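Chains as they are written, first to last, in the working numbering: chain G, 1 to 226; chain X, 227 to 530.
If you're looking for bench data, these hints aren't it; they were derived computationally from the structure. Treat the numbers as computed from the prediction; the structure is a model and nothing was measured. All C-beta atoms in this analysis are idealised placements derived from N, C-alpha and C, irrespective of residue type, glycine included. Just so you know, nobody snuck in bad clues.
One side of the interface only, derived from the structure: several residues of chain G facing chain X at Cβ under 8 Å: (1) 49; (2) 91; (3) 103; (4) 105; (5) 106; (6) 107; (7) 150.
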Amino acid sequence: MIKFRNVTKFYSPDIYALKGVNLRIKPGEFVSIIGQSGSGKTTIVKLLTAEERLTSGSVQISGWDISDIHHREVPILRRQIGVIFQDYKLLPQKTVFENIAFALEACGAAYKKINKIVPQILKVVNLASKYDKYPRQLSGGEQQRVGIARSLIHRPKILVADEPTGNLDLNNTREIVDLLRKINELGTTVLLVTHDREVVNLLKKRVIVLDRGQVVSDQPVGRYVI
Amino acid sequence: MSHSFFRALKFALQDFWRNFWLSIVTITVLVLALLSVNILISLNAISATVVSTIKDKVDVSVFFKAEIPQATVDNFQEKIRQLPEVKETIFIAKDQALQSFREKHKDDPAIMDALAEVEKNPLLDALIIKAKNTDDYKKILTVLSLSENQDIIKYQNYTDHERIINRVANISDKVTKFSLVLTIIFAVIAILIVFNAIRVTIYTHREEIAVMRLVGASNSFIRAPYIVESFLYSIFAVLIAIVILYGIFSAAGPYLGDFLETYNFSLIDYYQDNFFMIFCSQLAAVVALNVISSGIAVGKYLKT
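So that you can see chain G by itself, here it is in the shape it has in the complex (with noise of 0.2 Å):
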């Protein structure tokens, strides 16, 4: 599903990001990938969305090599994987329906389908009833609720969470991990950046540790150790 075949990324001659990271993820797995700040995390999702270029090795996901992918392709790319950000990354302007119903206007999708598919992410991540709601009347927990409807709308086989609890209590937090297992078990491969050690300990999942650019460990069901 997931491929990174010595993968370096330099920002500048004597700044790197990645040092010959090599990663095999398989389809409807849950991975966490943890690490120190300045490890390197943020950069593979990244590398994962094509917001940055890799500066040598391979990256390839369901077959398809996205290291020297094409500005043009690189929207059908995002298409293809949901990703949750830390901050949310909603459109303030627009309702809940519409931030969700976005992602599919921006493929081309009918309104008959759109109006038919919205409806039914929001009852998954239960804002049926905010979704004429704008993103600044909405809790934490409920914005980034938002955001994985928006990830999922296009039913992608690869979920990236980037810190998704990074803003949030204890309480939101685990309401997200929640969703997030029930979405892997749906058969959603699920890739987790995070540094939080109490939810790497809640799922019991496989566990990649980073450490200055490099894949220091991956055990298959790990728990937070750096």
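Following the hints, position chain X against chain G.
Okay, now just chain X, sitting in the frame of chain G:
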């Protein structure tokens, strides 16, 4: 295609309304730029009319010797009329001139008495010559100074006129050049103001643009609503500018009236006569400028 257009229009209208104050500020800047351009257009129109009226009042009068037969005068008039530089020639017979003179001075007993003392008509047949351009008078004067023409001309009033003609031509030339320079300066200022206004508007949307890209929107899908929105700004700005200008012209009409009536000129009439030319060209220019500005400004945030 129409699907994408209506979606872009929907997003543009939503953004226009939901960022109401930003829209108002952007439109205000556009309106101010348009008003400055239109004030310049008005000044140009007024100065062009004044110069044109003064030019129109300039002519050369030729007075024929009394004994010259009418046929010779007619031939001379025809010869002058044929000159490419001549706009029109008006022949005034001495009887007609006397009648006009009497009519003009009928309330002045001294002049009327003096005229009665002279038994015959003291005035001469005259030919008034108007040139197409003030520059053309020099050529006409050269033709008049030919000896064959001097034989039938008793007197001509163009010596004083030459100085005035040259002065009017000089002023007209300076006004034209000054207007051109001022127009270029105003146009550059207006372009910079509009470009900056659109750039600032797009700048406030930079994070939204980044989010749109992250959720898989293509560059054209992101760009289209902003271009449609800038089109809306342009239309509203031109409409508001029209309303304000007509308000200004109506309010200023009585004050300008005395001055402009002398020249048979009204700004409202001028704008009504040239409405489509003035406002369609301004709309086209503002739309083009806004669309290009927003395209460039959005493009800056679309680079991978």
